[in-house]
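Protein chains: 2
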Amino acid sequence: MSNQSVETQFRELLKEQTAYKEAISLTHWDMRTKIPKKGVEQRSEVVGFLAEKLHQLETSDRFKELLDELNGTPTDDVMKRAVEESLETYERNRKIPNEEFKQYVMLQSKSESIWQEAREKADFSLFQPYLEKLVDYNKKFATYWGYEDNIYDALLHNYEPGVTTKTLDEVFPKLRKSLTDLVERINQSSVKPDPSVLQGHFPKQDQEAFSIEILKKMGYDFEAGRLDDTIHPFAISLNQNDVRITTRYDEEDFRMAVFGTIHEGGHALYEQNIDAKLANTPLATGTSMGIHESQSLFWENFLGRNKDFWQSHYELFKNYAPTQFEQVSLDKFYQAVNEVKPSFIRIEADELTYPLHIMIRYELEKALINSEIEVKDLPKLWNEKMVDYLGIEPPTDREGVLQDIHWAGGDFGYFPSYALGYMYAAQFKNVMEKELNIKDIIASGDFAPIRQWLTKNVHQYGKMKKPLQIIEDVTNEQLNPDYLVAYLTEKYSSIYSL
Amino acid sequence: MSNQSVETQFRELLKEQTAYKEAISLTHWDMRTKIPKKGVEQRSEVVGFLAEKLHQLETSDRFKELLDELNGTPTDDVMKRAVEESLETYERNRKIPNEEFKQYVMLQSKSESIWQEAREKADFSLFQPYLEKLVDYNKKFATYWGYEDNIYDALLHNYEPGVTTKTLDEVFPKLRKSLTDLVERINQSSVKPDPSVLQGHFPKQDQEAFSIEILKKMGYDFEAGRLDDTIHPFAISLNQNDVRITTRYDEEDFRMAVFGTIHEGGHALYEQNIDAKLANTPLATGTSMGIHESQSLFWENFLGRNKDFWQSHYELFKNYAPTQFEQVSLDKFYQAVNEVKPSFIRIEADELTYPLHIMIRYELEKALINSEIEVKDLPKLWNEKMVDYLGIEPPTDREGVLQDIHWAGGDFGYFPSYALGYMYAAQFKNVMEKELNIKDIIASGDFAPIRQWLTKNVHQYGKMKKPLQIIEDVTNEQLNPDYLVAYLTEKYSSIYSL
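Those protein sequence lines, which keep their order, are chains Y and A. Going by the UniProt record's numbering, the first sequence opens with residue 1, and the numbers climb by one from there. Going by the UniProt record's numbering, the second sequence opens with residue 1, and the numbers climb by one from there.
For the record, the hints were derived by calculation from the structure and aren't laboratory data. Every residue gets a Cβ at the ideal spot worked out from N, C-alpha and C, and that includes glycine. A hint or two may mislead.
As the list claims (entries may be wrong) - Computed cross-link-like contacts, EDC-like style, restricted to lysine to aspartate or glutamate with a CA-CA straight-line distance of at most 20 Å: (1) Y:Lys38 x A:Glu223; (2) Y:Lys15 x A:Glu45; (3) A:Lys204 x Y:Asp206; (4) Y:Lys34 x A:Asp221; (5) A:Lys38 x Y:Asp30; (6) A:Lys332 x A:Glu363.
What the hints assert, rightly or not - Residues of chain A clear of chain Y, computed beta-carbon distances all greater than 10 Å: (7) Thr27; (8) Thr73; (9) Ile114; (10) Ala122; (11) Asp221; (12) Arg244; (13) Trp310; (14) Glu393; (15) Glu477.
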């Protein structure tokens, strides 16, 4: 077999892999946006089946044979990384016995629906036995995959390769100290933003029209994507030319949809701007959850919650918004959308307290995987940490340990990405500021230079670069929480006259 | 291997087959309703890949082994029919060499996009080379599949098993004679319906609200389906609990959406009401295109274009419609929606001239497959037949031979189903009238008894019964055009005072 023909065969397999992934993504998108109620049950079978087929392909002997033949042979950079990436996928997947994988996929699907019920009823005991099994599987998988220092590192690797418990345990306490200090000073400030000025009936179609206008200014390509309603907003890439975003409209509070759309738009820009040469390879997607979140948070916080943005876009906003905003000054508005106030629900948290929510989850899941705590004690431990970190206690588990879907889907090791992404974003911003006049760009209403900078430095590479390599290449340093702390300190000192 | 375990394994394979079909259907639905423009190209690859996987499964040695072991062994009726149906699929598929199947799937996909361009430009020459290849493939496939009298029968079998060229050549001329006689008498009538009373701006959301209300009265289950916009309306079953319909809104002419929705709703009721015990087998769908069309046309014509319906629903309609209809009497309205007037476009044709459009297509495709005419002569022959059957000549091929997508998708043998369905529908109505007071039911606004009758006699069986067996069981006779002729004669004699 000539090397050429091996590569051609390998590319064929990657195309099949890509096709399965697109079918699975479409199925997920449909289940979260369009599917009629009674269709869900059968659809779960379809997703399970396609996931199994994909898993079979990725663990097939034929896949491995081609990988072995290609490994180390001279070929272009894309193929090299594709082989490397595929080998890693192969090895990680092969370590899990087929039967266990199947059982686990079924457990995930079942657990998500049980979690939904438990959350509605605020009854953790319904979910507990499923969560126990999910934790057990994840411990087992972590052992199969292997790790150096901490078993939890094996799971972290799935979402943020290169980042370890050791790093997080250094960075998070520093960040926590800075944030809680800031929150304390804010609590003592005489400035009290008034979020009630934001309330009022704001029809869905007007919120949507404003959001679409902002998405277009960000450079989101509506010929390669679409915006739909959902309950839990997300962005999903079917392929680089079909990257969809979803949002949720609360007609009494526009913040959910407007900031949510900018956030998901940030994710989508990443996927839409990956180099076309990576198409039909496993490299044609964001390199990690953390880098992905750096893109969504960049746009949501540094643009959407930024004073320059509202200075230049408040009039546009008022064109779409109910008349009440005519009476609200820009300053009052800006203060209100940046109110800092400890809250129960992570996805509703403000910029400043958000990372504290993440740390609570990180500490709990790390302890679970290390067998230091038991699932049955989670509600109590959760509430204790809420009091400890945020000074408030959830009234029920619905506003507490049951609020997030992640654990129900078996996603342990995922949560830290949110905080990492936030720190990465601030690091990127620090470099970008040296090259671009962000203030002027935002004021101009044409955000193209920002998007182009992110594409040049981050988006285009897809999985060609690992997350920490991107950070290193762009910022010339490693993960560093100082930029985030500096940004938050400056911003909130100004808002709260600290 | 015990018989039980063979059956279990077979059921597993059928579940896989069902899963592929659902994924393919979802993909098609998305491509026709939601997909962003730039996503189409990659998606075509995904559809092609899934279709190939399904074909591999359906022609696999393993599938055949299980079928052979099960064939003739005592098992329940559903399994018996599933085995029979699967064996037929297997045998028909196996007769086509894999490589030819693959080439053909790619040709179909390519031809559809070329056809679209050719239609837009009204330039048949662009499409001609593709159509020639498609005809050649279909001739070849027909030869592989085999036939007794006429090569075209092998293709007809795909859509209406049991119906042959011989039957059609007997029935169609009779039907044509009756219809053209009626049209002639109508042309001489002094009654001239005035369709201009129907024109006026009718906002999409109001048309939609009225259509949804009628769909609900028909018994369409919105918890097991949904209604979306599209360019070429269709109904599609993902599974019995997820049967979606689509429609097109013309804000200057409500007929497209209102009658179209009732039509697609008729298809959807068939799929939603198949016996649940057929789920996850190839029997859980309509038994043939002809029987399917009998259901959509039943509702569209016998309900939607019926005087009793408008007598009891005109007020409801006026609630949604623009105020102009306040000035239009029920009689004028009813006459206008039933105007008979030869037209170029099949899907816009009235009840009476519609079957003539079908006959033109049938005669041309039969002659093509029998090598009696050549593709290059189609535009000329099409126009000649239009003059001959309908007395009008299309100004360009866009309104002529290029109007339908069917041939571009390789669907030869499909068109007759439309006329067969129409005749079947009239036969069903004749029997239903003996058991139900249709007039009273329609007047009552609760159409449940009609839907229940159709479910009991047709829907529930899915593919458990072959089309001609259903006709026989319900009507105690064979295909018979007399009922349709009688219905049309009575209805249009009354409207046109013949």
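Verification of the supplied hints:
no.: 1; hint: Y:Lys38 x A:Glu223; verdict: 6 Å, holds
no.: 2; hint: Y:Lys15 x A:Glu45; verdict: 9 Å, holds
no.: 3; hint: A:Lys204 x Y:Asp206; verdict: 18 Å, holds
no.: 4; hint: Y:Lys34 x A:Asp221; verdict: 15 Å, holds
no.: 5; hint: A:Lys38 x Y:Asp30; verdict: 19 Å, holds
no.: 6; hint: A:Lys332 x A:Glu363; verdict: 37 Å, violated
no.: 7; hint: Thr27; verdict: 6 Å, violated
no.: 8; hint: Thr73; verdict: 27 Å, holds
no.: 9; hint: Ile114; verdict: 21 Å, holds
no.: 10; hint: Ala122; verdict: 26 Å, holds
no.: 11; hint: Asp221; verdict: 7 Å, violated
no.: 12; hint: Arg244; verdict: 8 Å, violated
no.: 13; hint: Trp310; verdict: 30 Å, holds
no.: 14; hint: Glu393; verdict: 39 Å, holds
no.: 15; hint: Glu477; verdict: 37 Å, holds
When held up to the earlier numbered hints, the structure conflicts with 6, 7, 11, 12 and fits the remainder.
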